[in-house]
Every structure is written in structure tokens, then in C-alpha cells.
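Chain order of the listed sequences is A and B.
Mapping of the first sequence onto our numbering: residues -18 to 335, in sequence order.
Mapping of the second sequence onto our numbering: residues 4 to 339, in sequence order.
No lab work stands behind these hints: they were computed from the structure.
Honestly, I wouldn't trust all of these hints.
[As the list claims (entries may be wrong)] Okay, derived cross-link-like pairs now, DMTMM-like style, lysine to aspartate or glutamate, Cα gap no bigger than 20 Å in a straight line: (1) K307(A) - E141(B); (2) K307(A) - E188(B); (3) K100(B) - E136(B); (4) K112(B) - D310(A).
On a predicted model such as this, the values are computed, not experimentally measured, just so you know.
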Amino acid sequence: MPNVRDNLPIGAKESRLGLSMAYACQGIGLSLDLCLADFRVVLNPVPIIFSPHLENSSWLLASFGVDEDVVAKLRVLARPRMNGTPTQPRTRRLLIHGPLYRQVIDMNSSPIHALLLLSDSALPLGSFAFSSGLESFLAHNRHANSNARLQAFDAFLGQSLLNVGSTALPYVLDAYRNPNGLVELDSDFDASTPCTVARRASITQGRALLTIWERSLWSSVVDTELCSIAGKQMTEFAYAIKTAKPDAFGLQLNGHFPPLFGVVCLALGLSAEDAAYLFLLNHAKAVLSAAVRASVMGPYQSQTVLASADLRKSIQVCIARETDTKISDTAVTVPAMDLWMGRHELLYSRIFNS
Amino acid sequence: MSNPFQASTSEPGRGTIHVSLLLPNTARLTKASYQYPLKLVSPAPTKVFNHEDHQTIIHTVYLLTYGGGLVAGDAIDLDVILERTTRLVLLTQGSTKLFKAPNRDTLSKQRMSVSLAPGSALCYLPDPVQPFENSCFEQRQIYNLTVPTGDGQEWPSLCALDWVSNGRPANGENWSFFRYGSRNEVYLSVPEGTRRLVLRDNVLLDQNDSDVQLSNRMASLSVFGTLILRGPCFHTLGEFFMDEFKVLPRIGGRKWDSGSEDGDQEPEPREVRRALRQRQESTDGLLWSAASVRGSVVVKFGSPGLEGGRRWLRNMLVEEGTIAREFGESALLCLR
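For reference, chain B alone in the conformation it holds in the complex (with noise of 0.2 Å):
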């Protein structure tokens, strides 16, 4: 018989999300439970019809910290499990803001480990990490993607964005913090136990690295982001962004065509909007670099302004239509 005064195995900042695969062919999200100072908000799933008018649950999840961020010393662990041909949205309300630590050895952490099995997607793109004056903080997240093994099984698929901002620039901050570390990994295991590192990508900015001032480092960059796509689910997203990153204007190089248009032909749609958005991102300073590495796209952007980088992004996921598409306009909220 169990003790029903069992001690409590509760951790502060421990946090599970599990989207099952329950009868009939339906995605249930089974658990999603959380200890303070992180919250959990799951809204009702929503339902996309993408081809042939096959319906795909999606599953929200949106992660909060009470505060709206952490403070020093807060740890946040959280596990997501995803079942086969199960999909997730993550969201956050807000930027993830960092609270000054005390001194340099308070460390504020963030854990995520995300295990994707076959056909199952996960789609995060939430706010920039927003990091105080004299803040330390460390985020890991871990992607575990289970191989398909069976016929019909396809890979899993992820989309996970990263990005951080300098701070708080109306208080003059600007890259101030004591240390800020970011860190990604795409893990492919395989059913018996052996998994492979595909994909690392890991920041770390730290104020003692150097005796140069971390705002010099960044250039004149107050936003950094990573993209991580991968999976036949973002597969043509990736394309995108490759051919997108094939065609940008040439530095340096002298604009002939930007003269007079022959006007013999109409341009098509899709280069209107490239030389739309080719013009924005010139005005917004914005730089970005697209590469495919080891079966996953990794865009890297930057912008001297934070509303220029979510801008950029917002249009290109938007006029790729990927993401609207089989996870509903409302993936793409922290974007607005």
C-alpha cells in the first residue's frame, strides 16, 4: 500500500508536457504539469486541414514564468515528450526577461529537453530572451529525435527559433549583463539507446571573456538569433530560406538592374515580394546567413533593431506559409 504522506517530489521550476497518441488517431496532451516560478497555459487544440482535407490536432503550450522572467538563481526544467505524429506549438508571453543577479556566481538556468518521435513536430518560436543589467543566465535545450525505424514512418520535424536581445536600450542598457549562454543540440537516437550529436550551436557571451566591452563584440547588433529547421515538415521552409539566402543582392556590387524596368514582362509575385522585403531589410540593417548543415537549415540572423528582427522573420515565415499552414496563424503570435 503507498503512503499517503508520501514526501513530495516536486522541484521548484520542474516542468512536463506530454502529447500522447491516444485512440482514435487522436493527439491528447496528457500531461502538463508545472512547478512555480514556471507556468504552463494550454489553451483548447485547434485543428488545421492541410492537403486532401486531412485534419491535424495541434496541441499550444505556452511557457510562463511568474514575473515574466526569471530572477537570479531560478532554474527552469522542463521535459516535452512528444508521441508519434503528435504536433506542439510553443509559445511565451512576452520576452523572457533575466533579472540582475547579485553578483557573478548567482546563475539563473533554463533546461529543455524535447524528445520527437517519428512524425511528431514541434514548432517553438517565442519571444526574445530579453537579459538585464548584470544578469547571469545560462538556457540549454536538448532535441532528442527518435530515427524512424518501420515502413511508413517518417522523420520527426522541428522548428526552433533562439534569439536574444540586448536588453533593455531605454534604460541604456546595451549587451549588459555578466554573462548570457544559449545553448542548442540536435541529438538522432535510435530505439536501442545510441544517439548522435547533429547539430550544436551554443553562444556564450560572457563580460570577462575579453577586457573589449560585450557592445563592441555585438557590433551594432541589439538582436542575435538562430533558426534550427529540420524535417520533412519544414523541409520546404528550409528550402526557402536557402534560395532566399542564394539570391540576396551582392555586397559591394552595383545595382544595374535597379535602373529603368524594361516593362516587356509583369515580375512575378513572388520576386515583387523578395524586392520588398530585400528593400525592408536594407533599411533595417537586418544581416542573415542561411546553411544547411547535417539534414538541418541553421539561419543566423542579426539587427541593429530588436522590431527589425522579428519583422524580417515574421515576413519570411509568413510568405513561405509553412508554418500558418500546418500549425495555424497562431504559432507565429510572438512574432507580431
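Bound-form chain A, shown alone (with noise of 0.2 Å):
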């Protein structure tokens, strides 16, 4: 196999190419076999689907080395027909020739795997047992229908993105950037999370992620300085836990979930900025897998919300709020959530766990 990074199109960094070409396959609406393989050759041609919505796609066949006038030329074929629809811009699937898709593409130095796994719904985690207050919120507010059954969700989708955001995700955050201070983070949550269920919840997620992690993630740490220093602190962290007796205040070690996941995502060598997007999208992911369960929506309705511009929009906005927000600030943003989920345990039956 050849040297891939002597061959990288200018301006892709060596550690994003991977997660480029993942965002850009899904943004020029190429589908590519990403998973599981160490090196993939991109054959030429490719069919692309170009298309004026996608505002960024010029952007990303450029960083692919595409030709300036090439996708000149796939703009004017992308522009809106005068004669036809006129507001309805055309979507053409082309045959593109360009250097890049000759090119090898290292998937080893590339963190596409990691995320992948992490994203897994297969990942032993145990996320979908918890409804994150939604079971109790549906018990709480009887709707006359299944539209406003509908409504309702859609509010408190919005709602409970909000209120992890603003109290779960700087820890993620914190954790990621210093990966030495997770003994603290891990008090400094459990001091934060004054409810019973959401604590149950944070700490059976956070030991099954430990647990992951000492009998298989271990091996995956990538090997760089920062990232086996995230992998050390994991270790010995699940090793803490097992074995430390109560401090001078009769405090112990708690497992909770969010700053354990930060550390891990920074071993695996994740970005900042995709740990916090996969810890909210894992989020709206359980929720909405609960609103399934619990008959608010259809399998393929839940889908929709997912893959929706919406659900992707808030989870950016959460990232963009609380990406500077101190551990200290962290508040809870939806009052309501914590009665709810505090309430859970009240309930005649349940079918979740939270």
C-alpha cells in the first residue's frame, strides 16, 4: 500500500480526513461502506449527487481536490430550471474525475471507527433502558390524542436536549479537555444531580462504560500523549472504584456517566466537538427509542426526528451555548424535568428505568 498522507488533498488534516469524508459522503448524498475497514480505496469514477441546498458541498468537493471550474460547472447544472419548477432545484447524479478518488485512504490514523462504535445502539451500555424522564412525563400529562401525544414529545425532546445540555454536557467537556481531574468531576456531578432517578441513571450508564471499557475499549486507545493519558485515567479509574474507601467527609467515588464518556472519547481520539455531538445525539437517540417503545410515535416517525435539520440544529445550538459553560455554572435550565424524573419511581407501572 502506498504512503496515504503524502497523497491527502490540501487542507484536510490527517486526523479529520476520516470524519471529512464521512460528513462529506453524507453531504453530496454518496454512500460509502465507511465501516471496519483499515484502508479503502475510493474508486474512480464516483457517481455524486449534487445539490444547491447543501451549502457547504462546493466546500467539500474542493477539500476532495475537485477542480474550481468542475464545480463551477456542477453549479450551473444544479441551478434551478426556468422552464421546469421554478423554485425546485434540480438534484443531478454526475460522474465525477478527480484526483482524489484514486487515493488511499488511512483508516487507521482516522477516528471514524471510535465514533462509530461509540454511536452503536449495540454498544452494552444499557442507554435504552432509561426513558430520561419521558415515561414519567407521558404518565404526568394525559393527551386527549396521539397528535397531542405528538406535540408534547416534540417539546420535551426539545426540553430534555436542553436541560443535558446545560447539566450534563460540560462535564463531558471538562473531562475531555482535562482528563487528571476526573475524581473531581466525578463528585462535583454527583454533588450537581439532587434526584434520585437521574443519579441511578447517570451511575448504571457510567459503570456499564467502565465496564466496556476494561474489557474491551482498553485496547483501542489511540497513541498519542494526550489520549493514553485519557486511557491511563480510565483504568485507573475503574480500578478506584472497585477498591476506594469513603473519604474525610464519607464521600466515595460514584462512576457517573457523562465525564467517564468524555475521557473515553478523548482515548478513542474523538474531537471535542464530535464527543459533544455524539453525547447529545446518544441522548435524542434514547429518548426517542423510548418514545417508540412507550407508543408516541412508529419506528420510522422516530427516524424522521432524527435525521431531521431540526433535532441536528438544536443539538448544534446546545454545543454552541455550552461550550465555554464552567462545571460550576451548570444548571438545570427545565425545572419541570427534575419533578418528573423524580417522580418516575411513583409510577403504577413502568417500563423503563428512568
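Dock chain to chain to rebuild the complex, using the hints, since each chain is given by itself in its own frame.
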């Protein structure tokens, strides 16, 4: 195999290449099987769907090494036709011959593999046993018909993301930035979560993540200084939680999920932005999956929400707002969520753990 | 020799409350200083006789502000120091109004820092904060509890209520402020100076946080509050909340037992009171939950009506009786 780094397109950073590939493929409608291949030869020619809706597709094409005048030609081709329906832009299927597609992409140095692993619902975290207050919310608010229920769920999902963003996301990011502070972060998160049900959910998933780490993920730490510090912290924490005794104040390690998740993301070489996005997307996925099982909506509808630009936007808004939030400034932004969540224990029948 | 014309060190909104322990084992309010717009009023101390005719001196201080609230840009900064075995009741006179701010950047602030020595106890049951339309406010309550070190020393005790209402519903206000933030932090500290956070309860409601109106985010609640209980003095009260929470009627369950009574047994008075209270809760639409977190009991409650919330809290505290017994009836004044 030739050394790929020499052939990388200009502007694509080495560590980001796999990811920008994935985004690019998504953005321009390419379907590529990106999984599990250490090396992937992208063949020439590749069909590309280019649409003027996707404002950055030209940028992406450029980063792939496609010539500017080719991009300009594509633009013209994809422009709305004047004699057809004028507002409807055309989507064209084209064959592109660019230099990039002869290149070999190194999947070893790309975080896409780890990203896919951590976003997989098969990751045995048990996240899907938790509804994050949805079940209790539905029990507290009786809705007249399924339409009203759907609307209420929509609002709930937004609020749930808002609240998780303001209470947990800063811990993910702080742990990512400073993996050595894991123990303090765990204690701090424990102090800031005064709701039995939320604590239980966080600790169960955190401990599951520790088990996955000890049994499987520890071997995939990326070989850089920072990542191996994170890996070491995880291993030490997993050991300490089994052996440590309560400290002078009678407090002990708990294993809360958000800080541990941040450190795992660092150890596996994800970027901070991806870690944050993944954390919130996983949360949305868990709530939506709970909604399907609580018969609020069907599986296709749930995928529609998951794939929607709205969800993407609200996750991005959340991340933008909380990126610089200090952990001491984390706050509950939807107080009713605490009530619903806390009262989950009072439900007569339950199918979820939270 | 000290300069008689020293520059004034007073800052607006500053205040200090110091309850000292003097000979012979008597608690004195040695300092209650304040600067405009803060005002402290301390009536004569009262005595309560609890177990074995042991008398305890209770100091009471009313936290007041000129105009009954904070105008935009006001900052209150209050330090409270409780020496060993002293007891203090903090009250307000009516809800703390937060008046409208000219813009989002004019923040009014309130900070209260309480340090509690071993064996001391604070009972802080204020009226709710009432943020008016377009107000902008943040408050922070810090409770530093000193860990007992010697023999025979008790842990400090804390009962702190923090609640907020939706404004002036009669004027059409319903969570229509710019920003409201309230943070309660409980630290344990050892005399050497290290301290450890044991509880942080931080609520932040900001109109800018999402496109959805705040009133939608607050569901149909018009009052929301947190009660923090900690320490030996409030141990039984905390247990009471936890026990009562466990026996709340199940949601979505059929009430099989609400039909005909057997009549064989007279129900216990506690059960009768509980049934009455639970009926009132469901009429008022009150929701509450209790959790035991790192040695504190944290009670959260919300209600579609302010009076419903007040009534429920008073009923709970009166029924259990610790507050009235240990601090006197007047500690519950704000819940009347």
C-alpha cells in the first residue's frame, strides 16, 4: 500500500480526514461503506449527487481535490431550471473524475471507527433502558389523542436536550479537556444531581461504560500522549471504584456517566466537537427509542425526527451554548424535568428505569 | 493612632449577621450591620424549651430590602456567621420583588454566604422570590458547614428554602422575566481550610436559552422550589419527607382501597392527616419529590398555584413539628 499521507488533499487535516470523508459523503449524497476497513481505496469514477441546497458541498468537493471549474460547472448544472418548477432545484447525478478518487485513505489514523462504535446502539451501555423522564412525563400529562401526544413529545425532546446540555454536557467537555480531573468531576457531578432517578441512570450507564472499557475498549487507545493519559485515567478509575474507601467527608467514587464518556472519547481519539455531538445525539436517540416503545410514535417517525435538520440544529445550538460553560455554572434549565424524573418512582407500572 | 476621618469602607448592599456564643453559654446577636438597599431587623430573641426543659435561645433576623425588592442593578451581599451551638431563624416580610431591568445586561444580584460552626443551626424559610416582567436576577446562597472535630460536637444543621413564583399573574405575567438564576451550594469544610462540595442546586431560567417561551418550559407551574435539609436538627424532618414521598399514591394506578372502609380498625391519626393532605395535593395539582443526596435531603416541589405550594409546605412542616418545636412557631411566618 502506498503511504497515504503524501497523497492527502490540501486542507484536509490528517486526523479529520476520515470524518470529513463521512460528512462529505453524507453531504453530497454519496453512500460509502466506511466501516471496519483499515484501508479503503476510493475508486474512480464515483457517482455524486450535487445539490445547491447543500451550501458546503462545493467546499467539500474542493477539499477532495476537485477542480474549481468543475465545481462551477456542477453549480450550473444543479441550478433550478427556469422552464420547469422554478423553486425546485435539480438534483443531478454526475460522474466526477477527480484526482482524489485514486487515493487511499488510512482508516487507522481516523477516528471514524471509534465514532461509529460509540454511537452504535449495540454498545452495551444499557442506555435504552432509560427514558430520561419521558415515561413519567407522559404519565403526568394525559393527552387527548395521539396527535396531542406527539406534539407534547416534540416539546419534551427539545427540553430534554436543553436540560442535558446545561447539566451534563459541560462535564463531558471538561473531562475531555482535563482527563486528570476525573475524580473531582465525578464528585462534582454527584453533588450537582439531586435527583435519585437521574443519579441512578447516570451511575448505571457510567459503570457500564467502565466495564466496557475494562473488557474491550482499553485496547483501542489512540497512540498520542493526550489519548494515552485519558486511557490510563479510565483504567485507574475503573480500578479505584472497586477498591476505594470513603474519604474524610464520607464521600466515595460513583462513576457518573458524563465525565467518563468525555474521557473515553478522548482516549479513542475523537475530537471535542464530535464527543459533544455524539453525547447529545446518543441522548436524543435514547429518548426517541423510548418514545417508540412507549408508543408515542412509530419507528419510521422516530427516524424522521432523528434525521431532521431541526434535531441537528438544536444539538448544535446546545453545543454552542455550553462549550465554554464552567462546570460550576451548570444548571437545571427545565425545573419541571427534575420533578417528572424524581416522580418516576411513583408510577404504578414502569417499562423504563428513568 | 487611627485616623478619625478614614474613608468609609461601607459598600451598598453589604450586610453581616454574627451570632456569637458568650458566657454563660448564651447566644448573642453581636453584629447585624447592613447598608442600603439591604435592611436587617432583629426582634428580641426567643427561647424554646425542648427536650428535658433544656432551653435554647433563638435569634431571628428579617432580611428586608427598601421597596420590598431589588431594582435593576442592586446587589446584596450578606455574610452570616453562626458560632457553635447558636441558632438563627432568617425570615423575609413578603415576597422579594424583582423589578424590571432596562435591558438584559443590568443584572441584580444577591449573595448570601453562611458559615455554620459545629452544633449550630439555621432555619431559612423565606417568602418566594417574585420576578416581574423583564427582570434580570441571579442569586447565590453558599452554606459552609464546619465538620465537627472534637468529641461531643454535633454536625451543623441547615434548613434552607429557595422558591420562585411566576411573577404577577394578575398583570398577565407568567415567567416573563429575562433571566432568573438561583444557586444553592453546600460545602463541608474542615478547620484546616479544605472544603468539599456536597450539594449544588442550581436553577437557571433564561429567556434566550431556547426559542420556546419560558412559560412553556415551566409546564403549568406557577411556583417552583427547593428545600434543603441537613444535619441532626432536621434529621427527623428529612426522614419524614422521604417516608411521605414513598407512600404517595401511585400514578396511573387504580385506587382499589378508596372504596368502603372495613370499619374494623380506626385509621391512625397520621394516616388520616396523610389522606387529607394527599387529597389537597391532588386538588392543588402539586407535584413534589424528595431525594437523599450525600447526607442532605433535597425536596423539590412545584404547583400551578402559589397558594397551593405554600399550603403544602406549611402542612408538611407543621405536621412533622420539628421546626415549631426547635425554632418556635414564628419560624414558619413566611408560610402563613
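To see whether the hints hold, each was checked on the structure:
1. K307(A) - E141(B): holds, 16 Å
2. K307(A) - E188(B): holds, 15 Å
3. K100(B) - E136(B): holds, 11 Å
4. K112(B) - D310(A): OK: K112(B) and D310(A) at ~15 Å, within 20 Å.
When each numbered hint is compared with the structure, no violation occurs for any of them.
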